[in-house]
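Got chain H sorted already, so can you dock chains G and Z onto it with the hints?
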Amino acid sequence: MNHKNQKDYYTSSYIPNTKDGQNEMFDIMGINSVEELFSDIPNELKLHRDLALPKTMSEPELLKHMKNLAAQNVNCDTHICFMGGGIYDHFIPAVINQITGRQEFYSAYTPYQAEISQGTLQAIFEYQSMICRLTGMDVSNASVYDGATACAEAMLTAYNITGRTDIIIAGRINPQYAETCETYAKYRGINIIKSPFAPETGTVSMQYFNQAITENCAAVIVQTPNFFGLIEDLGEISKTAKNKGALLITCVDPISLGLLEPPASFGADIVVGEGQSLGNSMNFGGPGFGFFACRNDYMRKMPGRIVGETADSNNNRGFILTLQAREQHIRREKALSNICTNQALCALAATVYMSVMGKAGIKKVADLCIQKSHYMYKKLIDTGKFKPKFSAPFFKEFVLEYNGGDIKAMNNKMLQAGFMPGINLTNIGLDNCMLIAVTEKRTVDEIDAYTEYIKKAGEI
Amino acid sequence: MFIKFTQKHEWVKSEGKTAYIGISDFAQNALGDIVFVELPQTGAKLESGKAFGSVESVKAVSEIYAPVSGTVTEVNSELEDAPELLNADAYESWIVKIELDANSETELDSLMNEEEYGEFCKNES
Amino acid sequence: MGKNKVIFEKSVNNRIAYSLPECDVPEHNLNKYIPDKFLRVNSAELPEMSEIDVLRHFIGLSNKNHGVLSGIYPLGSCTMKYNPAINEELAKLAGFTDIHPFIGDENSQGSLKLIYELQKMLSEITGMHAFSLQPAAGAHGELSGLMIIKAYHEKSKEYNRTKILVPDSAHGTNPASVSMAGFETVQIKSDASGNVDIDDLRASIDDKLAGLMLTNPNTLGLFEVNIKNIAEIVHEAGGLLYYDGANQNAIMGISRPGDMGFDVMHLNLHKTFSTPHGGGGPGSGPVGVSERLAPFLPCPEIYADNDGKIRLNYDMPDSIGRVRSFYGNFGVMVKAYAYILSMGAHGVKSVSENAVLNANYLMFKLKEFMKIEYDRKCMHEFVATGAPLKEKGVSTLDVAKRLLDFSVHAPTVYFPLIVKEAMMFEPTETESKESLDEFVEIMRDIIKEADENPEYLKTAPHNTSVGRLDDVKAARKPILAWNSDKE
Numbered sequence: 001m002n003h004k005n006q007k008d009y010y011t012s013s014y015i016p017n018t019k020d021g022q023n024e025m026f027d028i029m030g031i032n033s034v035e036e037l038f039s040d041i042p043n044e045l046k047l048h049r050d051l052a053l054p055k056t057m058s059e060p061e062l063l064k065h066m067k068n069l070a071a072q073n074v075n076c077d078t079h080i081c082f083m084g085g086g087i088y089d090h091f092i093p094a095v096i097n098q099i100t101g102r103q104e105f106y107s108a109y110t111p112y113q114a115e116i117s118q119g120t121l122q123a124i125f126e127y128q129s130m131i132c133r134l135t136g137m138d139v140s141n142a143s144v145y146d147g148a149t150a151c152a153e154a155m156l157t158a159y160n161i162t163g164r165t166d167i168i169i170a171g172r173i174n175p176q177y178a179e180t181c182e183t184y185a186k187y188r189g190i191n192i193i194k195s196p197f198a199p200e201t202g203t204v205s206m207q208y209f210n211q212a213i214t215e216n217c218a219a220v221i222v223q224t225p226n227f228f229g230l231i232e233d234l235g236e237i238s239k240t241a242k243n244k245g246a247l248l249i250t251c252v253d254p255i256s257l258g259l260l261e262p263p264a265s266f267g268a269d270i271v272v273g274e275g276q277s278l279g280n281s282m283n284f285g286g287p288g289f290g291f292f293a294c295r296n297d298y299m300r301k302m303p304g305r306i307v308g309e310t311a312d313s314n315n316n317r318g319f320i321l322t323l324q325a326r327e328q329h330i331r332r333e334k335a336l337s338n339i340c341t342n343q344a345l346c347a348l349a350a351t352v353y354m355s356v357m358g359k360a361g362i363k364k365v366a367d368l369c370i371q372k373s374h375y376m377y378k379k380l381i382d383t384g385k386f387k388p389k390f391s392a393p394f395f396k397e398f399v400l401e402y403n404g405g406d407i408k409a410m411n412n413k414m415l416q417a418g419f420m421p422g423i424n425l426t427n428i429g430l431d432n433c434m435l436i437a438v439t440e441k442r443t444v445d446e447i448d449a450y451t452e453y454i455k456k457a458g459e460i
Numbered sequence: 001m002f003i004k005f006t007q008k009h010e011w012v013k014s015e016g017k018t019a020y021i022g023i024s025d026f027a028q029n030a031l032g033d034i035v036f037v038e039l040p041q042t043g044a045k046l047e048s049g050k051a052f053g054s055v056e057s058v059k060a061v062s063e064i065y066a067p068v069s070g071t072v073t074e075v076n077s078e079l080e081d082a083p084e085l086l087n088a089d090a091y092e093s094w095i096v097k098i099e100l101d102a103n104s105e106t107e108l109d110s111l112m113n114e115e116e117y118g119e120f121c122k123n124e125s
Numbered sequence: 001m002g003k004n005k006v007i008f009e010k011s012v013n014n015r016i017a018y019s020l021p022e023c024d025v026p027e028h029n030l031n032k033y034i035p036d037k038f039l040r041v042n043s044a045e046l047p048e049m050s051e052i053d054v055l056r057h058f059i060g061l062s063n064k065n066h067g068v069l070s071g072i073y074p075l076g077s078c079t080m081k082y083n084p085a086i087n088e089e090l091a092k093l094a095g096f097t098d099i100h101p102f103i104g105d106e107n108s109q110g111s112l113k114l115i116y117e118l119q120k121m122l123s124e125i126t127g128m129h130a131f132s133l134q135p136a137a138g139a140h141g142e143l144s145g146l147m148i149i150k151a152y153h154e155k156s157k158e159y160n161r162t163k164i165l166v167p168d169s170a171h172g173t174n175p176a177s178v179s180m181a182g183f184e185t186v187q188i189k190s191d192a193s194g195n196v197d198i199d200d201l202r203a204s205i206d207d208k209l210a211g212l213m214l215t216n217p218n219t220l221g222l223f224e225v226n227i228k229n230i231a232e233i234v235h236e237a238g239g240l241l242y243y244d245g246a247n248q249n250a251i252m253g254i255s256r257p258g259d260m261g262f263d264v265m266h267l268n269l270h271k272t273f274s275t276p277h278g279g280g281g282p283g284s285g286p287v288g289v290s291e292r293l294a295p296f297l298p299c300p301e302i303y304a305d306n307d308g309k310i311r312l313n314y315d316m317p318d319s320i321g322r323v324r325s326f327y328g329n330f331g332v333m334v335k336a337y338a339y340i341l342s343m344g345a346h347g348v349k350s351v352s353e354n355a356v357l358n359a360n361y362l363m364f365k366l367k368e369f370m371k372i373e374y375d376r377k378c379m380h381e382f383v384a385t386g387a388p389l390k391e392k393g394v395s396t397l398d399v400a401k402r403l404l405d406f407s408v409h410a411p412t413v414y415f416p417l418i419v420k421e422a423m424m425f426e427p428t429e430t431e432s433k434e435s436l437d438e439f440v441e442i443m444r445d446i447i448k449e450a451d452e453n454p455e456y457l458k459t460a461p462h463n464t465s466v467g468r469l470d471d472v473k474a475a476r477k478p479i480l481a482w483n484s485d486k487e
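Chains as they are written, first to last, in the working numbering: chain H, 1 to 460; chain G, 1 to 125; chain Z, 1 to 487.
The set of hints was computed from the structure by calculation and includes no laboratory data.
Glycine included, every Cβ here is placed at the ideal spot set by N, Cα and C.
Please note: incorrect hints may appear among the correct ones.
[Claimed, not checked] List of simulated lysine-lysine pairs, BS3-like, C-alpha gap at most 25 Å:
{"id": "1", "chain 1": "H", "residue 1": "K301", "chain 2": "Z", "residue 2": "K120"}
{"id": "2", "chain 1": "Z", "residue 1": "K92", "chain 2": "H", "residue 2": "K55"}
{"id": "3", "chain 1": "H", "residue 1": "K67", "chain 2": "Z", "residue 2": "K120"}
{"id": "4", "chain 1": "H", "residue 1": "K389", "chain 2": "H", "residue 2": "K378"}
{"id": "5", "chain 1": "H", "residue 1": "K239", "chain 2": "Z", "residue 2": "K37"}
{"id": "6", "chain 1": "Z", "residue 1": "K473", "chain 2": "G", "residue 2": "K122"}
{"id": "7", "chain 1": "H", "residue 1": "K389", "chain 2": "H", "residue 2": "K413"}
{"id": "8", "chain 1": "H", "residue 1": "K67", "chain 2": "Z", "residue 2": "K3"}
[Unchecked claim] Selected chain G positions facing chain H (Cβ under 8 Å, derived; list incomplete):
{"id": "9", "residue": "V58"}
{"id": "10", "residue": "K59"}
{"id": "11", "residue": "A60"}
{"id": "12", "residue": "V61"}
{"id": "13", "residue": "E107"}
Isolated chain H (complex conformation) (with noise of 0.2 Å):
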């Protein structure tokens, strides 16, 4: 059937529409050409040129492409990884693929129609009971986009709440998670201090927090295990925020919580963090995915999606996405996020992963990452090209100051050597100091190869 103003349609795998296809859907309607549809589009304001863009690929032209991409990167398959600073090279159960492959969980929108998204917000009412249980809050959301993301949110509720307009950083928190807070709050009025870490121990200076703390803070943000890896002490924090009326930020490893205590205990307000580490691949950095829980008095001024369990018209237990008038699509300017998208299927991961790690496993990746951990900082500083730099106990992270030489290039000849050799943290001001992270994944065989090698580092 040809058609009086039709040109060549053309055809893709993913377009059913065929050529006679859209003629008799042109028929039906009484259009005469694709044009007649977008006749309201000012003719000045149409592209009269094709879009410049890269030839068209087949599929296994395409594959092969994204393969030599893939494989300009130094990644897991190339080189071991002793790399952290909030993304992590954590075991991945098969089981996590298995689910999150299922298009009816990742292909489906947010679950708005809760009668067919039952599979998805079943998920994340177990996925905000599990990061309540560990934790130790009283309620969860349903994720943010990610632990900077996370502290960011967390520091707006806070300001929200209180109605003050200072917020304290204490000690060092990823720095990227500083640097977002920062961004969020120069447009809102929001007056970030940090105060910092005492050098000695590498976590905060009571001193100094003592000093920075006043009746208008909103809130104070305490990484634990820090930046460095260091396990901070929460308890004299905390009271020293209750005294002045604020609420405590806690920012924490979930993994590090299958042996430490968790932040509640301490008198967190807010628990929030990267929860990457839960099941979700490096990625590049994204996407994994931000957690967000707190006390049942502020769950009215939770940020985002959250669900909640009812019954049906029978009686039987459903899950529905619940306290939205929170959020955008009911406040609009008076929301108390714009968040609306979250990470959905990292959290789904997430899930997946705690559901099998249990309640043991998640205790074993924690001691394993605390084992392997120490007995590599042992080993680094007995080879002599380094020394201890903090004093504060850590879990599985940790600062040396490298004195064997040139850091950059035994970092240099560490990757040629096949490492992921951790991160120098010569830019943010520790020269010469290395963070070098220890996952349940390393085995002594490859710690001690890492060993072998610093020792001929400085030497090659």
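Frame of chain H, contents of chains G and Z only:
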């Protein structure tokens, strides 16, 4: 005790220096099932025309504006656990009890009486 | 409750689903390393299950979900198109998943090239000068874009520019992002044909104007025919134009926001560029700008150096700063990049042509028995109203719920807010005429049911894993986590 209404669908019943404030039947009907009432603290100062709390249904949220100025002497804490009382009887379920300010007389005068409010609602719907 | 057990109710003491190595370094008591006061007293009560239990549980849950492959998903403004199978594979290549973000630009050229090329392709498609892919979702892109507007005005010391105009048909994220960026929202009206009311626009403009946010085509699926005029009015008053790219699927290869006069925009890679929604994320919300706004983009900039290498530039004194960690949702970018490569210039244009054709066809067919709010040609989506059903005691919600019984997803309902009982349909280009026809017949039967059996409609859905859920109960007494004591 007499009742007066605002254009934002709050009611106020006053007697001497004391007044009760609530939302009208029209308001509860428009909102649908009320799921949460955000209440002020006892002692809070209300300023006529300014929001002092909010009522939420599943699909909407509406601020509650003070019809008159005064100081909150009591909040209806029953609403914390049973916000549906506002649906059941909007005129029985007050939200706050206040002590009126000195100038509240003129504020009260400017509000609608029952008949005027009835007319007003007809035009709203 | 026997039905719909949560995972904790399936937990049995001492069952395990994990497989972890034994400790191969000399083991010590934990308190040798970490003082007791920091160690957990009570275990985190996570479920205890076997591997098969975990799989059955979550596979069971997946069976209660509707995905794009389960049936048509005409959710307006969400662009629920097919997510190409190959893209899921590509994003799982170890070179993309197992790369650490601190590895440095020399060792991540594959990822950085992909990001850089994607920035360029998005610039070409939209006519914007530059993009940053850092924002993690559409609303995040909006927030970044509004911060850029703020930074721009502050740079010119115009601190009094605090007002952002937002049409009454806009997504809720628009005004919410406006507030988050420290601006004030001023709502402007739509006219009788569904476009911005030019008189109201003029009346809303004063020296406090910072900018206007516009979705074009707007959320009614209608192209703003006066866009040139609107752009002139706003620019003349010293304001900037923000483009909400949620509806980009209508105009690719046909018209470009940059050419319409927009200064800032965001895209939703999880809408227009086929990456899956994941049940609510991860998405990706790149923010694009005109040349004069490029210095304000989020930091770091990813650029091509003279030697052809892709590098990171942190030296951006005017940048709004960082809006999240690292470079954005890279895994999502991989899929969008692959999508554009498989479509090419003719392909992406064909996407928009077919999306608009399908929407007009669906609207034409539904018009036989439904009221369409604005009776003119639509773009990639359109809004019908359930208002005529009201007198039969049937609401838009009832129609939406009844659709679920037929393994099709409901349209977006009760949005945009300016249309009573709104139903917003967006079929996308990946549906065929046959599936649209099937959908029309289902809709026809349901509308008939409003006359013949309204009760059945009002109690729908009937064939789903649960019946209509009580949202009032959920909000009145929130249960947000499973608690064994309470059950």
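Taking the hints in turn, this is what the structure says about them:
no.: 1; hint: K301/H x K120/Z; result: violated (40 Å)
no.: 2; hint: K92/Z x K55/H; result: holds (24 Å)
no.: 3; hint: K67/H x K120/Z; result: holds (21 Å)
no.: 4; hint: K389/H x K378/H; result: holds (13 Å)
no.: 5; hint: K239/H x K37/Z; result: holds (16 Å)
no.: 6; hint: K473/Z x K122/G; result: violated (31 Å)
no.: 7; hint: K389/H x K413/H; result: holds (23 Å)
no.: 8; hint: K67/H x K3/Z; result: violated (46 Å)
no.: 9; hint: V58; result: holds (7 Å)
no.: 10; hint: K59; result: holds (7 Å)
no.: 11; hint: A60; result: holds (6 Å)
no.: 12; hint: V61; result: holds (4 Å)
no.: 13; hint: E107; result: violated (25 Å)
Violated hints for the displayed structure, listed by number in ascending order: 1, 6, 8, 13.
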